[in-house]
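Chemist: For the sequence shown, this note's numbering begins at 1 and goes up steadily by one.
Don't read these hints as lab results, they were simulated from the structure. Don't take each hint at face value.
Stated by the list, open to error - Okay, derived cross-link-like pairs now, DSSO-like style, lysine-lysine, Cα gap no bigger than 30 Å in a straight line:
(1) Lys-307 - Lys-343
(2) Lys-526 - Lys-421
(3) Lys-168 - Lys-130
(4) Lys-544 - Lys-615
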Amino acid sequence: MKLKTLNRVIKNILFITRIRNSMIILKLLLVMHTVYARLELCDIKAIGDSVVVQKGNLLIHPDGSLNPLRGYIMHKSGYMYNKRLYAPEINTEYSLKKINVAVDSANSYKYTRTPVYDKAYENICENKEKNEYLTQFHTQIIRMFPSADGALSIVAGRPDALTSFLIKDEVQPESMYILAAIFLLSEQVNVPIIVNLEEKGNERLVLKSKDGKTTYVDQSLVLHEDITKLKEGHKNHHRETIGVIDFLKGYIDTENMNTCALIGGHAEPTTYEQFMTGNFLNTPQFLAQSYIYEFIDTKDEYIEFVKAVYTLLNDQMNGEKSTEENKVRCNELLERLFIEKGKFSDLTDHTTIICDLKKTVDTYTSFPFNNSSQLPSYGRVKAYNRDTNTIIDDRYMMYSSCVETSILGIFCCLMYDPAKKKYATGNIPINEKTKQFKKFFKDYPKPIETTDYNMQQEWCKVVSDLKNNNIFYMKQGTNELDSSLLNILYVMSDITGNKKEVFEEIEKIESMCISKNLGKQLDIEKNLTNIFKELSNNKNLKVKSENFKVYKRENGKLDFFGAINLEYTFNGMKNGILIDISPDHAELKLMCGFDLNESDEAIEEKLNEIKDVYKSTDKYTGQIIRQYIDIEISMLYGVLGYLEDESEKKMHDSINKGGDDVLSLLLNGKIESISYKSHIVTCFLVLHVNRSLNKNCSLVRFTSNIIGSVPLNDFSTREKILISSVYNTHSKKYYSRIKKCWGDISKCDVGRVKIIITNLLGASLYPQKIILECFNNLMKAVGASEDAYNIITDQDSMISRMIRVSNYDKNPIEIFSRMLHNINESFARLGMQKMTNLYLIWFIDAGTSNIIQNNIFMKYIFEHIDKKYLDSSNEKPNSNRWTSEMIYEILRYLTNNMNLICEDTNTESIEKYIVIIDKIKKIYRHLVIINR
């Protein structure tokens with residue numbers, strides 16, 4: 001962790017406030033640096049190449065659990081991140097409450113997420129012993145990874161936390177032996193680390209050699225020397241450190257206890273099928289190894305830790321008091337952990353393979369974001385006071401940073417130098433305004449794989465509380481930027497020194513925001529191009545503006561809303577991002593669908609090459625790498641615009657299985673972006689639409705945790721994560737903690753229903769039976785709404801999507817008829833007059849999409865049109881959805897193919913056909929007139 005982030009960390013450590021000596025604080029600041037950084041890949045390579053034990057010339061075994069590459073890959077894959085924040089065994093604490101403030105007639109909500117109050121469920125499964133183990137295991141995860149800010153972290157605000165104990169000055173010299181003991185206990189080796197609580201006020205943690213002659217650890221467990229500082233009801237010793245040791249000791253295998261058998265898995269799976277169950281995520285080994293990787297951040301310290309493991313293992317093997325069973329276990333583990341240097345070449349060098357991959361990616365990187373997971377993801381951040389240069393540690397002042405994060409994403413593109421593969425701010429003037437901006441990119445000089453909480457918080461210090469009357473903030477006028485184009489542009493101009501060329505273009509755009517332009521689409525592409533090129537390092541930039549229209553923003557001022565495409569080219573390789581700006585939200589998206597370029601081909605080739613190496617591995621480390629490569633390939637395909645990749649199918653299969661085991665869902669990459677979270681929730685609600693699950697079901701708890709992890713007070717985010725709830729009638733029961741917003745979530749309007757229909761009827765991975773059930777529930781919800789008729793008539797692409805879904809079946813007309821039957825039942829209250837008009841609209845829609853292929857469906861719709869109501873209808877179908885060319889083609893086809901639609905021997909059918917053609921002719925004449 002960089003030193004700039006330490007102030008925030010220290011403020012979260014409650015007991016620091018009691019310390020008065022500045023030298024102690026300085027020491028703690030330096031120590032705290034170690035618990036946020038992690039080993040770099042170059043360090044891991046150096047560790048793997050080092051002789052860690054001179055006797056025997058031993059290296060770390062590449063397949064063993066001491067290989068730090070395991071921690072590196074598992075961290076990149078997000079295993080502990082997913083486990084801590086979303087595991088169904090953990091009851092994550094969050095709430096959503098309606099507040100008495102309405103914005104544009106919409107309800108406002110206060111969202112809180114307090115990880116400090118997370119708890120392990122006590123009713124995880126029916127097996128009593130397994131339930132007890134899983135409850136204790138997840139309690140340890142919560143304590144060891146407090147993650148107070150929503151990012152995975154081992155730093156806690158409690159003085160008795162494990163990390164708080166290990167970073168104490170007096171504990172530091174022996175901390176590697178304590179971690180070595182924790183590691184070995186997790187590996188089922190009963191090292192004699194003793195917690196002595198007999199003497200009150202002198203509680204101690206002691207680890208000696210088997211013969212008692214050597215003391216490795218002898219530390220006081222007393223929390224406060226001054227007893228008056230102890231909170232009432234609290235014990236004056238490091239309770240959580242003791243808890244970790246007691247837990248690991250309690251689950252060392254004996255004749256009567258086998259942890260792996262208890263959880264139904266393998267500590268180290270040897271097949272890919274075993275690995276993909278995810279059962280290893282519930283093992284003590286996974287817990288200990290994940291913590292140690294987060295704690296140790298230097299090569300020398302890690303080697304010291306490895307040597308401590310070797311020393312304790314040897315002591316156990318050679319100690320007279322050690323049991324034969326323990327000696328055998330230690331010897332087997334020793335062979336798995338270490339290998340003679342001369343034999344290393346016979347094994348797969350995993351670290352070299354991953355280093356080669358990184359080299360390939362680095363060589364061909366021409367853009368700061370290789371895949372969507374690398375885009376800055378917004379979350380809830382703390383407010384900032386520029387006058388005092390302090391982060392305000394008040395959770396009620398926290399806000400959703402969607403606009404701030406979008407600006408960060410823009411500047412990552414603008415400041416990126418593809419030739420040097422790092423950020424450069426030389427084109428930005430040096431003055432007081434740009435000081436924090438330049439400092440930020442000095443602290444973060446290169447693109448990183450994920451934008452963590454600390455980076456988000458530091459960026460908010462750049463863009464928050466700017467003293468500029470052109471910039472509008474939502475909270476106290478100093479934090480949470482309003483989402484609008486001009487607001488974003490003025491922020492960009494301010495933090496880069498208000499360059500004349502930029503400022504003048506912004507003023508030109510603002511001059512167009514006048515009353516007569518309200519609701520109009522205007523061309524500002526040239527202005528935006530001038531602004532972004534002026535600020536960009538790479539001038540080979542193409543800027544496109546999409547549908548920018550003038551509307552009112554939050555404070556009533558006129559502004560632009562729409563989308564911007566930034567498309568960069570470097571050495572023939574194209575990359576780009578899209579910034580979508582709406583009145584209540586701003587969002588970054590990676591532009592997809594570019595042709596496969598040299599960069600993509602090289603990276604894809606390297607990934608597939610590595611995948612071939614591990615396709616039949618029987619080693620745990622190999623399985624971790626194989627799955628990581630699958631994740632990376634999936635990310636790459638996502639950028640190229642490929643659909644229905646292997647990871648997507650894996651996720652669907654896992655959710656579709658149901659049951660109480662969702663561990664495999666934690667293995668498909670870090671669950672971080674709002675889109676991914678929304679997709680998981682949607683998959684669950686859709687695939688289980690026909691089942692009423694218990695609220696204690698793992699899938700319900702899992703998706704509830706995912707929902708609670710996003711800033712639900714943000715309207716756009718709330719919509720995205722909960723939009724699929726309309727498919728499943730049990731949603732409200734499953735997610736009772738957000739019941740206050742259910743009235744808003746269940747409302748139907750034209751735009752919302754259009755999105756829902758597109759998502760449902762465009763999802764070919766869902767079984768057709770499931771799609772029909774969801775469609776039925778959606779139609780019931782729309783049919784029950786006050787504006788049902790306008791909503792359903794404005795779904796201009798619905799009939800073509802219904803036809804597409806029907807064509808997946810061998811009997812398409814049967815599927816289509818069932819969908820139409822559902823609509824008839826749901827909208828019966830509208831009456832035959834409106835239903836007839838609706839059918840006429842759909843008859844025309846079916847003809848405009850593909851008249852020849854859709855003939856059979858047009859015939860079916862035609863048969864449902866009631867001539868009586870067609871004759872008496874004074875209501876004209878909305879002709880805005882069609883062009884005169886489209887209507888002309890329909891008329892030409894209908895005129896020449898009457899026998900394909902109606903029965904030429906049925907007088908009534910012919911008369912109806914003639915009336916329909918007449919009505920379509922009126923629409924055509926109307927379109928011709930208005931387009932003159």
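Chemist: Look at each hint and say if it fits the structure.
Modeler: Hint check:
| no. | hint | in the structure |
| --- | --- | --- |
| 1 | Lys-307 - Lys-343 | holds (20 Å) |
| 2 | Lys-526 - Lys-421 | holds (28 Å) |
| 3 | Lys-168 - Lys-130 | violated (35 Å) |
| 4 | Lys-544 - Lys-615 | violated (43 Å) |
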